[in-house]
Amino acid sequence: MERACPAANCPIVTTVRLPRLYLITPEPRGGTDDFLHALEQSLESGIRLVQLRAKTLADDDYKRLAEQSLCLCRRYQALVILNAPPHLAQALGADGVHLDSARLMTLDERPLRRDLWVAASCHNATELSHACRIGVDFVVVSPVLETASHPGAQTLGWTGLRALTGLSSVPVYALGGMTPGHLPQALAHGAQGIAGIGALWGGMAAIN
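Here my numbering is used: position 53 in the sequence shown is 39, and no number is missing along the way.
Relax, there's no trap hidden among the hints.
Label-pair distances were calculated between CB atoms; the ranges are:
| # | residue 1 | residue 2 | range |
| --- | --- | --- | --- |
| 1 | A77 | E13 | 18 to 24 Å |
| 2 | E132 | R15 | 21 to 27 Å |
| 3 | K49 | V2 | 31 to 37 Å |
| 4 | Y62 | P12 | 16 to 22 Å |
| 5 | R96 | A134 | 30 to 36 Å |
Since the hints were derived computationally from the structure, they do not count as laboratory data. The structure displayed is predicted, hence computed values, not measured ones. Just so you know, even glycine gets a beta-carbon here, dropped at the ideal spot from N, CA and C.
With the sequences and hints as input, model every part of the structure.
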């Protein structure tokens, strides 16, 4: 569906259309059937925005999983954004692409047409400024809080999140140690919502 709008109004329209929770899938270590079962549990709990992230899969395996995930998510009218090369997202009929920070910084312009979503991962003001300049639709800022996978790592904290949301011209999701219980704090610090893996996976999210 075409999302054309006056340039000044696009961020406002995007904010209204995006949900509060953004699921980032974990690596599918238990097999495809287990992965899809957990994904469906997440969808049943109310998740409507999914990033398919599976860095450990070979290209052909990722394509197959993406096709199966897209089919499943369509049943729940959920958006699926691929953490993959932009051309693959377009070829598979996904709703858009999520750019990791390394891929983001290699681009001089938006990689997909305006009727597809383009998101990006940002960790600092430089990456955020570049993402906004090339015309992404929304960003994920991290790490806000400490995570179990990276104990002791430097984090932005809520103050750092507020500083970056204040600089952003597009909606921002907070990532890193986030649970649905952190949503009010994230909103209070200027975020669109929260992004997460474990806390939103397999029906863990309690969504009202």
